[in-house]
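**Student:** Please construct the entire structure, taking both the sequences and the accompanying hints into account.
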Amino acid sequence: MKIFGKRTRLAFTLVEMTLSLGCGSVILAAVVTAGVALQRSFAAVEGYSMSESDQLRVLDYIAMDCRRARSVSVANNVLTLVVPNYYDANGNPVAPTFNSSGAIQYSGGATTTISYSKSGSNFVRTVGSTTTAIASNVSSFTVTPQDLTSTVSCSITFSPRFVYLPGPGPVAGTTVYCNTFLRNALARQ
Amino acid sequence: MVALLTITIMTLICAVSLHVASQNTNAGMQTASWQQALTGAESAVDQAINALNLDAQGSSSAWTNWKTVTSSTLPTAKPSGGSAATAAPSPSPSPSYNYLIPSALSLQGEGNNSVSSWVTIDTADLPKDNNGNQWYRVRATGVAGAPGPARVSNNRLDNDLRKIALLFDRKAGAAITTPQASRTIEVVLQPIANSIWTRGITLKNWIVMSGGGVIDSFDSSNPLKSTNGLYDVTKRQSHGDVGTLDSTSSDLHNTYLYGNLAYSGPAVKNTANVQGTISTPFNTPIPATSDPSWSSGSYTSYSGGNNPPFTTIATGTKQHPALVKINGDFNVPGGQSVSITAPNTGTDNDYIVFWVTGKYNTSGSGYVTQAALVNATWYVDGNITTSGNSYNNASGLAANVSFVGVGTGTATVSGSGDFIGTLNAPGYNTTISGTGFWSGALISNTLTISGGASFHYDEALNKNTDTTLVGNYAFASWFEDNSDPSRGITY
Numbered sequence: 001m002k003i004f005g006k007r008t009r010l011a012f013t014l015v016e017m018t019l020s021l022g023c024g025s026v027i028l029a030a031v032v033t034a035g036v037a038l039q040r041s042f043a044a045v046e047g048y049s050m051s052e053s054d055q056l057r058v059l060d061y062i063a064m065d066c067r068r069a070r071s072v073s074v075a076n077n078v079l080t081l082v083v084p085n086y087y088d089a090n091g092n093p094v095a096p097t098f099n100s101s102g103a104i105q106y107s108g109g110a111t112t113t114i115s116y117s118k119s120g121s122n123f124v125r126t127v128g129s130t131t132t133a134i135a136s137n138v139s140s141f142t143v144t145p146q147d148l149t150s151t152v153s154c155s156i157t158f159s160p161r162f163v164y165l166p167g168p169g170p171v172a173g174t175t176v177y178c179n180t181f182l183r184n185a186l187a188r189q
Numbered sequence: 001m002v003a004l005l006t007i008t009i010m011t012l013i014c015a016v017s018l019h020v021a022s023q024n025t026n027a028g029m030q031t032a033s034w035q036q037a038l039t040g041a042e043s044a045v046d047q048a049i050n051a052l053n054l055d056a057q058g059s060s061s062a063w064t065n066w067k068t069v070t071s072s073t074l075p076t077a078k079p080s081g082g083s084a085a086t087a088a089p090s091p092s093p094s095p096s097y098n099y100l101i102p103s104a105l106s107l108q109g110e111g112n113n114s115v116s117s118w119v120t121i122d123t124a125d126l127p128k129d130n131n132g133n134q135w136y137r138v139r140a141t142g143v144a145g146a147p148g149p150a151r152v153s154n155n156r157l158d159n160d161l162r163k164i165a166l167l168f169d170r171k172a173g174a175a176i177t178t179p180q181a182s183r184t185i186e187v188v189l190q191p192i193a194n195s196i197w198t199r200g201i202t203l204k205n206w207i208v209m210s211g212g213g214v215i216d217s218f219d220s221s222n223p224l225k226s227t228n229g230l231y232d233v234t235k236r237q238s239h240g241d242v243g244t245l246d247s248t249s250s251d252l253h254n255t256y257l258y259g260n261l262a263y264s265g266p267a268v269k270n271t272a273n274v275q276g277t278i279s280t281p282f283n284t285p286i287p288a289t290s291d292p293s294w295s296s297g298s299y300t301s302y303s304g305g306n307n308p309p310f311t312t313i314a315t316g317t318k319q320h321p322a323l324v325k326i327n328g329d330f331n332v333p334g335g336q337s338v339s340i341t342a343p344n345t346g347t348d349n350d351y352i353v354f355w356v357t358g359k360y361n362t363s364g365s366g367y368v369t370q371a372a373l374v375n376a377t378w379y380v381d382g383n384i385t386t387s388g389n390s391y392n393n394a395s396g397l398a399a400n401v402s403f404v405g406v407g408t409g410t411a412t413v414s415g416s417g418d419f420i421g422t423l424n425a426p427g428y429n430t431t432i433s434g435t436g437f438w439s440g441a442l443i444s445n446t447l448t449i450s451g452g453a454s455f456h457y458d459e460a461l462n463k464n465t466d467t468t469l470v471g472n473y474a475f476a477s478w479f480e481d482n483s484d485p486s487r488g489i490t491y
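So the protein sequences, as listed, match chains A and B. Under the working numbering, the first residue of the first sequence is numbered 1, with each subsequent residue one higher. Under the working numbering, the first residue of the second sequence is numbered 1, with each subsequent residue one higher.
Heads up, none of these hints are tricks.
To give a feel for the contact side, a few chain A residues facing chain B, derived at Cβ under 8 angstroms:
1. Gln39
2. Val45
3. Tyr61
4. Met64
5. Tyr87
6. Ala95
7. Ser100
8. Thr112
9. Asp147
10. Arg183
Over 10 angstroms on every C-beta distance to chain A, these chain B residues come out as not near it, computed from the model:
11. Pro102
12. Asn133
13. Pro343
14. Ser363
15. Ser402
Hints are computed from structural coordinates only; laboratory data are not their basis. Computed from a predicted model, the values in this text were never measured in an experiment. We treat Cβ as the ideally placed atom computed from N, Cα and C, and that holds for glycine.
**Tutor:** Right, here's the structure in full:
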């Protein structure tokens, strides 16, 4: 009589397989879900960061140019500023002199015209004939022409970049304001 | 295998997210540093103005910690060397500049925690005004560290605006070890004297203006804003400011005001042609006037009457002005005249003070002539009336003729001639009529301007009422250098 030796076969049992597949699926699902959530969160943070960056850039540009502007005008919601040329053609800073009206000038009165306006959904800064979009996703731009010899007031509204939010949904927009004193205004010299 | 792939993808996603978040944080830090740099530059300008103001006041500590360098060019990097400054920088032919490196501003927080700055003052070869007071140029740079790696912002537009120095300071032309934001501003300062004539017309009560005249301004000390020190309509300025403490019954009748209107009380009527701002409320102290207090024997007395008590009178010196008291009315009727002469040497050494206890009145063809170098002050206790060219101020400068109305009364300037001088009469009701003009400044209770008469405020009265007194320095211009000449950006 031949006695058969016991054959050893290593494998998972059906129960083990079922359990491991189930756990694995749950873990993968959790990881994928977390990944998607992370991406959404990242997209929201990125959108916020970009918007804030745009807002700060626009405010900084306008404030800087307004402070040093010799004159300011507003027409059709376009803010136009005239700033003096501080350097000569050779790139050397020039000394201030008086113009024929007794006001301070640089480079014999040479100036550069800078304007700000909304173009489509972009906010653009035009220097001479060169236009650069310095911010995007802009829904409105308003310049208040109150007293252009002393201050300029602006408001810019940015549309939200990340809009995939459950009800009530994203805010309608973010509005930033600037009210800048015209330190260099010719009218006050 | 699937799990490994998933984990790899997730790791990459996390890495990219962290990288972008890091970039955003870095850009935020750089933006904050750029703002802080302006704070540093402005605080340095403030220190320069403070030094000039203290110097104008004669303070011995004005230039403490400042150094002076003899040079006609300003440094582009943080200055060094030089000797301890003891006075304001000098103009050509031996130009110098003073510089200060203030203590760094310490901050607390997660970002940059120190802002340094440096500032220079020089004359920039700007001319002195007619009274010999110097204009100055102040150039200041603020530097703030930009924490984080030496990495440009993830948005090129930020780099165009803020020009953060990562490895190289383009202004100084030198390498740097840590990133930094720097901003440079340049201001031009003009000397401002203390004066009661801070505006053309200051009133306690109403102003009524009609006819075709205007209120505007000029600057007798600036040849670009006047001609030979006189008003020139082609050089008209728009600082003919008017202020009234109680605007009840005020009406400009749409006449032109080239300046600002400030009032307290009801709105001034018919202001369509006010070329400056209209604001309310208006508050300013108006000191009462009073008679001079002269000791016995220090002055000469005359008796007033229907005719002038003298036809010619000489001035004293600036240090010892002639003091003349006229008891009663001072009348100069038609056919008569009074001449005030300037016998002393020097261009600013002929001073005389009159005290009229009654009325001051010139009429018809009667007139008073004041020599060009004379500086006369009239204290009048009664009404003041002068018409036509009946006060000939040969200097053409309002600063040389001062009428002070004491108590209450009326002041009338009429006729076709011009009156050049000031009136400080807060209790008087003043009338300017005729076709001439008044150039100078006035303080009054009420004011009526009619008949086409105009009023031209002389801005020099506010800037320098005394040749040696500078009360303050004010911005004449303000400019931030955000240029990049190598890229053709010259502003």
